[in-house]
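Asker: Okay, here's what each chain looks like letter by letter:
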Amino acid sequence: MPTVEAWAEAFSRATDSDAELGAHGRHFSCTYMLDMEDRRVIVDMHRGKVEYINVDPAPLDAYQFALRAPAATWRGMGERVPAPMFHGIWAASFRKGLTMEGDLLVLMQNLRCLTRQIEILRETGVPV
Amino acid sequence: MAKGRISPVTGHYVTIEIDDPDLGGEYKVFYLENGEGRPLVCQHTAGCHNHQWRDLLEDAAITKDYRVIAYDLPRHGKSDPPNDREWWKEEYELTADFFTRFIVELCDALELEDPIFMGSSFGGNVALQLAWRYPERFAGVIPVEAAAHSPGFFLDWWQHTHANAAQVCASGVWDLMAPQSPDQDRWKTWFYYTQGSEAFRGDLYFYSVDHDLRDKLEEIDGEKCPVVMTTGTYDYLTTPAMTAATAARIRGAEFIEMQDIGHFPMSENYPVFRQYLVQALEHIEAHLGATV
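Chains A and B supply the protein sequences, listed in that same order. Counting from 1, one number per residue, gives the positions in the first sequence under the numbering used here. Counting from 1, one number per residue, gives the positions in the second sequence under the numbering used here.
Everything labelled a hint here was simulated from the structure, so no lab data went into it. Treat the hints with care, as some may be off.
What the hints assert, rightly or not - Chain B is faced by these chain A residues, among others (derived, beta-carbon under 8 Å):
#1 Ala62
#2 Phe65
#3 Arg68
#4 Val81
#5 Met85
#6 His87
#7 Gly88
#8 Met100
#9 Gly102
To be verified - Distance condition first, Cα-Cα at most 20 Å in a straight line; then the derived SDA-like pairs of lysine to any residue:
#10 Lys188/B <-> Lys49/A
#11 Lys28/B <-> Lys64/B
#12 Lys49/A <-> Ala8/A
#13 Lys188/B <-> Ala8/A
Each residue gets a CB set at the ideal place from its N, CA and C atoms; glycine is no exception.
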């Protein structure tokens, strides 16, 4: 398992060099939390690139929406080829205890790019 | 010498009248077809259109024995909303009554004898409804990715004015496909879904609300109208367990679990789907041969 700092660096690099996000991400700007039970991070996106990943959020650090799931669910989503029901945030929300919280309109407005970015976890793994 | 490849698939329009208090009217319906033999009538998934069946329509090993017909449900693809209703003043919510009447009227208009009906997702659910309501009209049904009840997908997000509905619909169903399915086919399916967002939410009224056969399954006679259900292991909406539980309560029904495929099997990975489809067709034909 990578350290959270190493993971954040790899996730940023993979996001910023991703061809699909490069082609379609110029309006992909939002701030969201990944709550992995044992570890929480806040990802700040600006025009399709990672602005900053906060790997040690303080209680009042702001974000627009959160994806929360048990660590085991995130580990499944971080497999190169995820098993059934671990293969995306919608699948995991129906069957593996993932919840979408906060301003879901922002999530929906960025859904195409967010879906792709979450799949990058299959390349980087997860820090839990 | 022609430089292109011209497909044997042809497109046609047929205009039919549907008697229904909520959604009735005159409908101009588009369908694609290819092949000869027993009609195999194919329904696309909610918010989509008949190109999901593109590979089946050109599968010579199937079309040598079956007349494959893939239509666009009204308000989808090239099938218009009703000609004689001010549909833009109404909220669209598809019902089981209209959906089943439409399919029977279409089969009657095309003078189809002993067709097999196959549909996926809401098309699979309506296949169950047809087996329950009109068993004498069909030689058999193949409900794909279906269950007696499939709640949870009738959402306002599909048509929210503050989000890009085309992308919400298309990326909202992305996870319904298996990661093993080819990128080219998954992205075609995604592309089709960007084209149907105005109908998707209303279709899902049928899928998640109006369709509920939980207390009717024992009334379906799978001996009279054979039922072969298939579901992919990556379908999170109607899981294989849900489909198996549905099939177990239908007399004579079969269930086939499809490995490493999702909710749009005919569109996301046809080579994998076709091996299960062949099993389903063989089962129905064997049953029909045994009962002639």
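Asker: If a hint holds in the structure, say so; if it doesn't, say that too.
Answerer: Structure-based check of all given hints:
| no. | hint | result |
| --- | --- | --- |
| 1 | Ala62 | violated (21 Å) |
| 2 | Phe65 | violated (13 Å) |
| 3 | Arg68 | violated (17 Å) |
| 4 | Val81 | holds (6 Å) |
| 5 | Met85 | holds (6 Å) |
| 6 | His87 | holds (5 Å) |
| 7 | Gly88 | holds (3 Å) |
| 8 | Met100 | violated (10 Å) |
| 9 | Gly102 | violated (14 Å) |
| 10 | Lys188/B <-> Lys49/A | violated (26 Å) |
| 11 | Lys28/B <-> Lys64/B | violated (28 Å) |
| 12 | Lys49/A <-> Ala8/A | holds (13 Å) |
| 13 | Lys188/B <-> Ala8/A | violated (32 Å) |
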